[in-house]
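Chains as they are written, first to last, in the numbering used here: chain S, 1 to 318; chain X, 1 to 576; chain C, 1 to 242.
Accuracy of the hints is not assured; some may be wrong.
[Said to hold, decoys possible] Footprint (simulated), chain S over chain C, 3 or more residues, beta carbon under 8 Å:
id : stretch
1  : 80-88
2  : 101-112
[Stated by the list, open to error] If you want a taste of the chain S side facing chain C, the calculated C-beta under 7 Å gives, among others:
id : residue
3  : L186
4  : V189
5  : T191
6  : E198
7  : A202
8  : A204
9  : G207
10 : L208
If you are wondering where the hints come from, they were derived from the structure by calculation, not from laboratory data.
Where is the CB? At the ideal position from N, CA and C, for every residue including glycine.
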Amino acid sequence: MSGGVALQAFLSGLALGTAYGLIAMGFSLVYRLTGVISFAHGDLVVGGVFIGVLVVLGSTPVAASLDVVHSIGLAVLIVAAGAALSACVYLVAVRPFLPGVGHRSTRGDVLGWVAGGLAAGLLIREVLGLVLTQDAYAVPDPLRLGSLTPSGVLQLPGGGTVAVRTLGVIGIGLAVGILVERLLVLTPVGTAMKAVSEDPTAAALLGLPVRRLVLVAFVVAGALAGLAGLLISPDRSLGVDDGVVLGLKAMAAALVGGLGSVRGALAGGLALGVIESFVVASSVLGPHYADVVPLAILLIVLALGRRGLRSPLREDLE
Amino acid sequence: MTVELAHHLYLLIAVLGLALSVSYGGQPVLCQGAFLAVGGFGVVHLERAGLPLAAAVLAAAAIAACAGYLVGLLTARLRGAAVALSTWAFAWLVYELLHAFPAVSGGSQGLVRPTPARLNSPFFGVTVTLTPWVHVAVAGTLCLLSLAAVARLTRGPAGLDWAALRETPALATSLGVPVLRRRAALFATTAAIAAVSGAGITVLLGVAAPSDVSPLLSLQLFVAALIGGTARLWGPVLGLLVIAVIPPLGDALAGAVGLPAEASGGVLTALALVAVPFLREPIERLASRWPERTERPREPVEHSGESATPTASREGVMLVAQGLDVGIGETDILTGVDLEVRAGEVHALIGPNGSGKTTALRALAGALRPKGGRILLEETDVTGAGQFEMVRRGVTRTFQRTVGLERLCPHSQVLLGVRGGTPVPFAAVRHLFGSASMQDHAATADREVWRALHVTELAQRAFDRPGALGAGEQRLLQVARAVATGARVLLLDEPAVGMTGPERAALARVLRRLAAGGVAVLLVEHDLALVYGVADRITVLDRGRVLASGTPESTAADPAVRRIYLGDADPSSTRA
Amino acid sequence: MALLDVRGLCARHGAVPVLDDVSFHIERGEIVALLGGNGAGKSTVARAVSGLHRPSSGEVMFDGRDITRADPRRIVQGGLSHVPDGRRVFPSLTVEENLTLGAYLDGRRKNVVAQRREAVYRTFPRLAERRAQRAGSLSGGEQQMLVIGRGLMSDPSLLVLDEPSAGLAPASIAALAEDIAAIRAAGTAVLLIEQHLQLALRLADRLVVLQEGHVILSGSTAAVAADPRIGRMYFGDGNPLK
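If we strip away everything but chain S, and leave its shape as in the complex, we get (with noise of 0.2 Å):
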């Protein structure tokens, strides 16, 4: 692999690994709070890109060129998709499973929220599909990014060459993640978001309203994944399937950083991408594995990962 060839798949790994990280940071976020696992994360990505395609164009997507208007609503439309999708899948799917912090004390029901998060994804690819019935689609580009240069194309150092758009991406993708990160730091509402994942009972009992706080967290959640299918559907065809693996590869980032951190989940997302794009231009491997490798990843980072008390995967036995 020459020169110019790594540093384009580098970078495309860089762009793919920013959408990667915005959907894990998501991930990581919820399972701080609630420990959930939320399997119908990765079709919020998908069924935000849809449902904001579906509701501009009043059609089955085309790879239409959209006006600025059309193009600012198709985004804003897409994000807060996401948003409400993750905030139904919250309210219906995981909520009544969760133990109860307060006088409806429960033991909480895993069985009950990983069936409700696979039926919640199941639904959303199954809905949509009754209107999206082909393999894949192209979609548009509400960002038109692209058209900052004639080309749309910049030439690299060593001979490969790299999409403005994909510049763009990172650009845009690490940008909102990391304000994102830092508001969790740094604003009242982060502090306490950390409280709770820490210990709810006695955020309960200094009266923070532990439900609503993770319903935010859903809701960011969701936004961000919305905007990661924002940012990396049009470079693709987009099929309603392609959630699930979307979402088991955003999971395997997360775990790469560390389950449960934010900051970590951001980082993984972007290490799996580069990962991802440098098997891809493999000449051994090659695109066969894209899917393949992610998910290796994921069985073994689990089956391999932290042992101990504190591990919040692996049962105490002992």
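Here the structure of chain S is known, so what remains is to put chains X and C in place on it, guided by the hints.
Same frame as chain S, but now just chains X and C:
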């Protein structure tokens, strides 16, 4: 129609196999479709390689079993949600692999089975044409066989182990049940059965296609196993209904509303998935009402009466801790703790809340690896041996909170301890095939159970419902289970919590009786009245260090001990 | 009218009864200690009073209002603050952030929050020295100060302290006793849940003794301390420590 029936029956086999892991093992396994794929594609490839059909099916099942055992081992230590996540990822990994490598899967068209649907056996000199009715017969027979096998297994040693590892894995480990291996074995069995089912479907349809083993199928099988698994007896019928009814019902509904038919099954599966957690409890309550036994098994006559002959009294030091340092995470809990537990003695470990008593007990039981110091069992260094190994060596602990198996009568619970302490190799398989030696083992085990029940004064309650036992009796039952492992060292964590006065007196009698039988007892306890009534030796812990150790009289006179318990010499204790 | 009035409280964990007909009351500015061994149901009383555990019957009146089935948030708002056992600080947050969260319901009134925080720092000068430090890095005694201070941040009229002395060094317990006395002197009533007999005897105006979910003794500290049953409960008959 017949083809559909056969297809559903084959899927039912997969559901029955999955129910082993889901309902009996308590693991949410979401990758049954992947193991069906191993069977379906495996059998075609193996037949192409020249194997006869039967051998190909067996080989595919063996491959699936190996894969299942591996996945099972990798996921055995994970919590439920993480098991769901990793098996779900595994289902998609296999699905993606099939799509990425058409050489394996035949692409979207699938792999066509080369040989005609005919089974030649030169050995028996018969040729069977595999008509759909033959498939119905084969699949039906396999269903009945697996039902019978599962029913027999649950009544034997395996059933006890499964109940323990499903409901309280920590308790199972403390009684010597190899939880990880049991889970992996269940997983392997599940996978092998799925492979047989997948092979059957491939032979029935003549083709193996990736779309037939999609993760959606895994979800549907999971729903069927959940619904079917909650009710043991008529569960399989329910499971079959779920499998057979969802797709056509979905098609009919979709047709009625005027939607494409292929999307409908998923929506219904999703609805069923959501419904399951809500329905589970009521169904379980209906299905698992305690069976009222009219006829209670009697205990063998020669062992009734007061406790069986005590094991020969032992002398000397059993378990020793030397300079034990233990921490949990970053926090140091114990520093330089020395402790000596002698055979035939009750040694009490007391101290204020948070002084490290339970941590010391867990470290001695092998549940926590010490950071420094040594643990010796009869002069053998056992530092760092796991809890499982410690049980085998004769060191068993109990828990501070009452961990119970709500559905097992005291006799069965104690039997679990006996089986964990003195395991019989391949007990489940030997029981399944009715090995004669198992009957001897069962008789010995039964004697051990009664011994433990008599020692703990629970013989009268042997076949009662655990819920009907008083709080104190439940605590004694914990002791009985631990005794039944054949422990020479018992580590008891606050056995008197929640006991009434008379129950405490009974506990004191039990402890003295155990000591008289030569057992070394380490007792962590808050109730000083009980401690000073039964202990031969007392060690007082304070903030992770040994404050005093010796006879009850000497520790009671110790000024440091008096200070932490009574505030005697505390300069601040004069009332303001 | 009593500040807190618990009448006929019954509670269960699943099917197991934990509290049976527990009644007691606390007047304004008073310290009442709830004594009992492990598993006697002391913490369940605290959890039922603060809305964490739903009692199966009985009622809890606080400041003239029925709070039996109220939400923890409402109860804090009404002026009852429960400091749970186990020194549950938020370990990755700083001391100051922990304290500020204690006044979450008054979070908009920045001045009020700052004033209360200064008041807590005056009571616990050690916390002021460590205000920027992460709570997880504090010593046990300091963490206990922090959770008590955090409980005071909502400006409660009743502070429920669950086992504040557990696992503390004797010197820390002595300091704790002075702090609790200071809190009462400032006008806050305290329900002190303790196993540490000496601390309770020293601080409390009245004692309530629980055993197996029943109130077996209650009355003025002097009267209860003289009762032979209390010695028996702690040390049994013929105990050499006695």
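Hint by hint, here is what the structure shows:
1. 80-88: holds (count 5)
2. 101-112: holds (count 5)
3. L186: 11 Å, violated
4. V189: Violated, because the Cβ-Cβ distance from V189 (chain S) to chain C comes to roughly 10 Å (cut-off 7 Å).
5. T191: 5 Å, holds
6. E198: At about 5 Å, which falls below the 7 Å cut-off, the nearest Cβ of chain C leaves the hint on E198 (chain S) intact, so it holds.
7. A202: 4 Å, holds
8. A204: 5 Å, holds
9. G207: 4 Å, holds
10. L208: 5 Å, holds
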